[in-house]
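Colleague: Now for the letters of each chain:
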Amino acid sequence: EVQLVESGGGLVQPGRSMKLSCAASGFTFNNYDMAWVCQAPKKGLEWVATISYDGSSTYYRDSVKGRFTISRDNAKSTLYLQMDSLRSEDTATYYCARQGILDLFFDYWGQGVMVTVSS
Amino acid sequence: NIVLTQSPATLSVTPGESVSLSCRASQSISTSIHWYQQKSNESPRLLIKYASQSISGIPSRFSGSGSGTDFTLSINRVESEDFSIYYCQQSYSSLYTFGAGTKLELK
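Top to bottom, those sequences are chains A and B.
So in my numbering, spot 71 of the first sequence is number 71, and the numbers just go up one at a time.
So in my numbering, spot 55 of the second sequence is number 1055, and the numbers just go up one at a time.
Keep in mind that the hints are not guaranteed to be accurate.
[Stated by the list, open to error] Just some of the chain A residues that point at chain B, by a computed CB distance under 10 Å:
hint : residue
1    : Glu46
2    : Trp47
3    : Tyr59
4    : Tyr60
5    : Arg61
6    : Tyr95
7    : Ala97
8    : Gln99
9    : Ile101
10   : Asp103
11   : Phe105
12   : Trp109
13   : Gly112
[Unchecked claim] Here are some, though not all, of the chain A residues that point toward chain B, as calculated from beta-carbon distances under 8 Å:
hint : residue
14   : Leu45
15   : Thr78
16   : Tyr80
17   : Asp84
18   : Leu104
It is worth saying that the hints were derived from the structure and are not from the lab.
Here a beta-carbon is modelled for each residue, glycine too, at the ideal position from N, C-alpha and C.
Build the full structure now, drawing on both the sequences and the hints.
Modeller: Pasting the structure below:
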């Protein structure tokens, strides 16, 4: 059974950093691209970033480029999102999602982790 | 960025009705559109891939159609468990975008 379990969320002050993790199991992690998708309270879904199966390529939405870094450790089957210079508008639930290398949709999602940026 | 416009924002129906939800892209995206369902306080679930391709485990009452800029998610005879929010997502551009969602609610 495919499982994606996020961790690392919580309350953080504006301008500070936070690192999210996503532990994957039930599939061959290094055969899939992975992504982060966020959802602000009472709002819709927003794609944040994608990393290729081998970590060689990364893609970001414009609003996080230069502040967020997506990475992965294939030996640990874990996906990360390093979030720096956090802003109040980054407050959201962050979902880890599996994406096929050629199948550019999100077929499995984690339960999500809440990040609140506030002083 | 490719903008996806979903309509209507809210659709009020009674169980047993059949409905169509629209997703329009700001430019032609072939069939690079995917549909998700999100129930209250749950993670999204993939319903349809590449405009019309079915997903294993998804009830057959869900179907998709369209190409270019206009796409439709159809639900044949809505059931009570279908009341949730539906999102479309494009993968034509590597900068993926989602529509704002259509809320399907009980009339």
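Colleague: Could you run down the list of hints and mark each one as holding or not?
Modeller: Cross-check of the supplied hints:
The interface hint given for Glu46 (chain A) is met, as the beta carbon of that residue sits about 7 Å from the closest beta carbon of chain B, less than 10 Å. At its closest, the beta carbon of Trp47 (chain A) sits 4 Å from a beta carbon of chain B; the interface hint therefore holds under the 10 Å criterion. Restraint check, Tyr59 (chain A) versus chain B: the minimum CB separation of about 5 Å is within 10 Å; hint holds. With 10 Å as the threshold, the beta carbon of Tyr60 (chain A) comes within range of chain B, its nearest partner Cβ sitting at about 8 Å, so the hint holds.
With its C-beta approaching chain B no nearer than about 7 Å, Arg61 (chain A) sits inside the 10 Å limit, and its interface hint holds. Checking Tyr95 (chain A) against chain B: minimum C-beta separation of about 6 Å stays under 10 Å; hint holds. With a least beta-carbon distance of about 8 Å to chain B, the hint placing Ala97 (chain A) at the interface is held under the 10 Å criterion. Annotation: Gln99 (chain A) was flagged as interfacial toward chain B, and the flag holds, the nearest CB pair being 9 Å apart, inside 10 Å.
Below 10 Å, beta-carbon pairs count as interface contacts, and Ile101 (chain A) has none with chain B, the closest being about 12 Å; its hint is therefore violated. The criterion of a C-beta within 10 Å of any C-beta in chain B is met by Asp103 (chain A), whose closest approach is roughly 7 Å, and the hint holds. The interface hint given for Phe105 (chain A) holds, since its Cβ lies 4 Å from the closest Cβ of chain B, which is under the 10 Å cut-off. Restraint check, Trp109 (chain A) versus chain B: the minimum CB separation of about 4 Å is within 10 Å; hint holds.
Proximity of Gly112 (chain A) to chain B holds as hinted, the smallest CB-CB distance being about 6 Å (cut-off 10 Å). This hint holds: Leu45 (chain A) has a C-beta 4 Å from the nearest C-beta of chain B, less than the 8 Å allowed. Given hint, Thr78 (chain A) at the interface with chain B, is violated; its Cβ is 19 Å from that chain's nearest Cβ, farther than 8 Å. Given hint, Tyr80 (chain A) at the interface with chain B, is violated; its Cβ is 19 Å from that chain's nearest Cβ, farther than 8 Å.
The interface hint given for Asp84 (chain A) is violated, since its Cβ lies 21 Å from the closest Cβ of chain B, which is over the 8 Å cut-off. Taking 8 Å as the C-beta cut-off, the interface hint given for Leu104 (chain A) holds, the closest approach to chain B being about 3 Å.
Hints 9, 15, 16 and 17 from the earlier list are contradicted by this structure; the remaining hints agree with it.
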